[in-house]
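Residue numbers (my numbering), protein chains in the order written: chain V, 1 to 172; chain R, 1 to 207.
Keep in mind that the hints were calculated from the coordinates and are not lab data.
Possibly wrong hints are sitting among the right ones.
[Claimed, not checked] If you anchor each label on the Cβ, the simulated ranges turn out as follows:
1) Ala199(R) - Gly6(V): 21 to 29 Å
2) Leu48(V) - Tyr177(R): 47 to 55 Å
3) Ser51(V) - Val163(R): 45 to 53 Å
4) Ser51(V) - Thr178(R): 43 to 51 Å
5) Gly174(R) - Gly6(V): 22 to 30 Å
6) Val172(R) - Ala89(V): 40 to 48 Å
7) Tyr177(R) - Ala106(V): 45 to 53 Å
8) Val12(V) - Val142(R): 34 to 42 Å
9) Phe158(V) - Val146(R): 22 to 30 Å
10) Gly66(V) - Ser191(R): 43 to 51 Å
11) Leu48(V) - Val192(R): 48 to 56 Å
12) Ala57(V) - Thr21(R): 30 to 38 Å
[Said to hold, decoys possible] From chain R, some residues computed to sit far from chain V (all C-beta separations above 12 Å):
13) Val67
14) Ala199
15) Lys203
16) Arg204
17) Gly205
Virtual Cβ for every residue (Gly too), placed ideally from N, Cα, C.
Listed below are the residues making up each chain.
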Amino acid sequence: MDENKGYWNPIVAGIILGFALFGSFMIAGQGMGASGAFARASAQLTYLYDSAFATNAYAAKYLINGDALANWTVIQVFGIFIGGYISAAFAGRIKGSIDRGEGYSATKRLFWAFLGGIIIAVATRFARGCTSGQALDGAASFSVGAWIFMLATFGAVFFFANFFKKQWKGMH
Amino acid sequence: MERDALIMETLYPLYTTGALTGNENFFYALIIGIVFGLVFERAGFGTSDHIAPVFYFKNLRVSQVMVSAILTCATLLTIAVYMGVLDFNQVFIPTVYIWPYLVGGALFGLGMVMSGWCPGTAVVGMASGKLDAAVFLLGVMVGMSVYFDQFDKIADFANSSNVGRLTIDKLVGGDIYTSLIITIFIGIGLSVFMYTMKAIRDKRGGE
Numbered sequence: 001m002d003e004n005k006g007y008w009n010p011i012v013a014g015i016i017l018g019f020a021l022f023g024s025f026m027i028a029g030q031g032m033g034a035s036g037a038f039a040r041a042s043a044q045l046t047y048l049y050d051s052a053f054a055t056n057a058y059a060a061k062y063l064i065n066g067d068a069l070a071n072w073t074v075i076q077v078f079g080i081f082i083g084g085y086i087s088a089a090f091a092g093r094i095k096g097s098i099d100r101g102e103g104y105s106a107t108k109r110l111f112w113a114f115l116g117g118i119i120i121a122v123a124t125r126f127a128r129g130c131t132s133g134q135a136l137d138g139a140a141s142f143s144v145g146a147w148i149f150m151l152a153t154f155g156a157v158f159f160f161a162n163f164f165k166k167q168w169k170g171m172h
Numbered sequence: 001m002e003r004d005a006l007i008m009e010t011l012y013p014l015y016t017t018g019a020l021t022g023n024e025n026f027f028y029a030l031i032i033g034i035v036f037g038l039v040f041e042r043a044g045f046g047t048s049d050h051i052a053p054v055f056y057f058k059n060l061r062v063s064q065v066m067v068s069a070i071l072t073c074a075t076l077l078t079i080a081v082y083m084g085v086l087d088f089n090q091v092f093i094p095t096v097y098i099w100p101y102l103v104g105g106a107l108f109g110l111g112m113v114m115s116g117w118c119p120g121t122a123v124v125g126m127a128s129g130k131l132d133a134a135v136f137l138l139g140v141m142v143g144m145s146v147y148f149d150q151f152d153k154i155a156d157f158a159n160s161s162n163v164g165r166l167t168i169d170k171l172v173g174g175d176i177y178t179s180l181i182i183t184i185f186i187g188i189g190l191s192v193f194m195y196t197m198k199a200i201r202d203k204r205g206g207e
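With the rest of the complex left out, here is chain R (with noise of 0.2 Å):
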C-alpha cells in the first residue's frame, strides 16, 4: 500500500513515466530549447571572443558557467530523488565505453581548439550572424557522414570497452548523496585549478 501511493508519487520525468505524449514532448522541446538559445547566448557563448580565451585561462566565464550549471542541475535532481517525485533510473544517461570517450574527448578538445566552437555554441554563433559558425556546422555535417561512410571499419573500437549506465555511485558505491558530494568536490577541485592557472598567468603579464 505504502509502496503503492510512492510509485504513483514518481511523476517525473514526465514524458518517460507516460505523462506527456510524444508530440507534446516535442512541443516542450522546443520551448526547452528556446530557453538554452537566450541563456547561452546571454552568457557569452554565441561569440569566440568569449569561447577562445578560454583555453588560455585569460577568462574564466566558459568554466563558471559550466561548473555553474552542472552543480545547480546535480543539486536539484537529488532533492526530486529525495522528495520521492523523480524516478531517477528513468533519467537518461549514455552509456560509458571508456577508450571511445577518451579518444573521442581528445579529437573534441582539438576540434574545439582549432575552430573555436562547439555544435551547442556555433548554434547560437550562427544565429548572432558568425559565418566562421555556420561553416564549422558545415564541417560537422560533413564530418557525420565521413563517420557514416567509415563506420565499419571503426565500430568495434567504437563500441568497445562498454561499462553500461556508469554513475559515480555505482563506481564508488553509496548512492545519490555520493554521487552529489564527489560532484561538488569536483566542481571546486575544477575551479580553483582554472582559478590557481589564471592568477599565474595574470601574474606573468602573458598574453
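Isolated chain V, as found in the complex (with noise of 0.2 Å):
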C-alpha cells in the first residue's frame, strides 16, 4: 500500500507552505504559532479558577486585559484546526484512532503522548516557541535562534529515538 496516497508531494506542499509563511509575515508581521496558544489558553483556565494567578511572574504579561485568548496566534490556532478538519473531511481521513506502532499497548501510547506533551510545554516556554513558532519562522526570517534551537532537537530526537523504537513500529 502507499502510504502517501491522497498527500501532496512534500516539495510542493513545502512550497506553498512558504508562500503561506510569507503572506502571514506580510500581512501580520509574524509567522506560524502554536505553543503560544496553549500557553495561553492553560494561562486562562488558571487565571479562571484563581484569579490570584494575574500576578503569576510569568503568565502576567498574557493576562493583562484579563483575557488572554484574545491574541493572534490563538486566532490563528483555531484557524488550523478548522483547515485542518475541513482537509481531512474532504480526503475522508478524519476517524477517531490512535496512532501507534504495530501491537503497541494504546495506554502505553497516550502515557507517551501526555507526558510528552508537558515535557514539550516546558522545552517551548525556554526556547520561545516551537517548531512553528521558533523553527520554522525563525529559520525563513534569519534568526540564528532557530538554528540553535533546531541543532539541539536533531541531536535529542536522534539522540532519543532508540528508546521509543517500539512505539513507531511499522510507521511509514
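With the hints in hand, could you dock these two chains into one complex?
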C-alpha cells in the first residue's frame, strides 16, 4: 500500500507552505505559531479558577486585560484546527484512532503522548516557541536562534530515538 | 524627497505599518490559520505515521516540507525587501537566549520522540480524530501550568545569555542577501545529510 496516497508531494507542500508563511509575515509581521496559544489557554484556565494567578511572574503578561485568548496566535491556531478539519474531511481521513506502532499498547501510547506534551510545553517556554513559531518562522526570517533550537532538537531526537522504537514500529 | 517616497512605499507588514486595524489583523489570523491547517493536513502532518519515521531516517517527508518552506519564504521575504515594499525591522523575530534555546531544543526533541507530535501538528492530528494528539495537547496545557508555577526558580536561567534579535547577517556581517545565501547553504547541507542517512539506512535494510 502506498502510504503517501492522498497527500501532496512534500516539496510542493513545502513551497505552498512557504508562500502562506510569506503572506503571514507580509500581513501581520509574524509567522505561524502554535505553542503560544496553548500557553495562553492554560493561563486563562488557571486564571478563571484563581484570579490571583493574574500576578504570576510569567503569565501576568498574558493576563493584562484579563483575557489571554484575545491574541493573534490563539485565533490563528483556531484557524489551523478548522483548516485541518476541512482538509481531512474532504480526504475522508477523519477517524477516531490512536496512532501507534504494530502491537503497541494504547494505554502506554497515551501515557507517552501525555508526558511528551508536558516536556514539550516546558521546552517551548525556554525556547520561546516550537517547531512552528521558533524553527520554521525563525529559519525563514534569518534568525540564528531558529538554527540553535533545531540543532539541539535534532541532536536529542536522534539520541533518544532508539528508546522509543517499539512505539513507532511499522510506521511508514 | 526621494527618501520620503521610499518610506511611503514600505507598506508591509500591513498590520505593523498601520494599514490594518487590530480587528482586521485578527480576521486575517483566522484565514491564515485555515490555510496553514489545510497545507499541514495535505502535507501529511495530521498523523504520527508521517512524523515518527523521520526520527529513523525512514521517510524524509517532514524535513522535505520544512526545508522547502523555509527556502521559499526566505527567498520571497528577500525579494520584498529588495523591492522596497517590506520593512524587515518590523518582522517579528524572537529574542535569542542561547543556553535556554539549547536546553529547550533538547527537551523538545525528547518530547517529540516520546509523543510523536509537536504543538502545530497535534492540532491537525486532533482535527483528524487522533486521540493521542488530544492527549498530547492536554499534556501541553498541564506542562505550561507547571512552568508558570515554577517560573520563580528558573527565571534567571530562562532569561540568561540574551543576544537580542540576532539574524544571520548581524552575526557574520553583510546584509539580508548574505543571510539568504547562508540559509540556502544550510538548507542544502541539511537535505544532503538527511538523504545520505536515509540511503545508508535503506542499504542496511534495517527497520
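Against the structure, the hints:
1. The given range of 21 to 29 Å is respected by Ala199(R) and Gly6(V), whose C-beta atoms sit roughly 27 Å from each other.
2. Between Leu48(V) and Tyr177(R) the beta carbon distance is about 49 Å. The supplied range of 47 to 55 Å therefore holds.
3. Restraint check, Ser51(V) to Val163(R): a C-beta distance of roughly 37 Å breaks the suggested window 45 to 53 Å.
4. For the pair Ser51(V) and Thr178(R), the beta carbons lie near 50 Å from each other, so the given range of 43 to 51 Å is met.
5. Separation of Gly174(R) from Gly6(V) is about 43 Å and departs from the stated range, judged on CB atoms against 22 to 30 Å.
6. Here the CB-CB span from Val172(R) to Ala89(V) is close to 47 Å, well matched to the stated 40 to 48 Å.
7. For Tyr177(R) and Ala106(V), the hinted distance range of 45 to 53 Å is satisfied, since their beta carbons lie about 52 Å from each other.
8. Checked against the hint of 34 to 42 Å, the pair Val12(V) and Val142(R) passes, with Cβ atoms roughly 37 Å apart.
9. Roughly 27 Å separates the CB atoms of Phe158(V) and Val146(R), a value that falls within the hinted 22 to 30 Å.
10. At roughly 47 Å, the beta-carbon separation of Gly66(V) and Ser191(R) lies within the given 43 to 51 Å, and the hint holds.
11. At roughly 50 Å, the beta carbons of Leu48(V) and Val192(R) sit within the given window of 48 to 56 Å.
12. Checked against the given bound of 30 to 38 Å, the beta carbons of Ala57(V) and Thr21(R), roughly 32 Å apart, stay inside it.
13. Not every CB of chain V lies more than 12 Å from the CB of Val67(R), the least distance being 7 Å, so the non-interface label is violated.
14. A cut-off of 12 Å between C-beta atoms confirms that Ala199(R) is not in contact with chain V; the least separation is 16 Å.
15. Every C-beta of chain V lies more than 12 Å from that of Lys203(R), the closest at about 18 Å, which supports listing it as non-interface.
16. Under the 12 Å C-beta cut-off, the non-interface status given to Arg204(R) relative to chain V holds; the minimum distance is some 15 Å.
17. Against the 12 Å criterion, Gly205(R) stays outside the reach of chain V, whose nearest CB is about 15 Å from its own CB.
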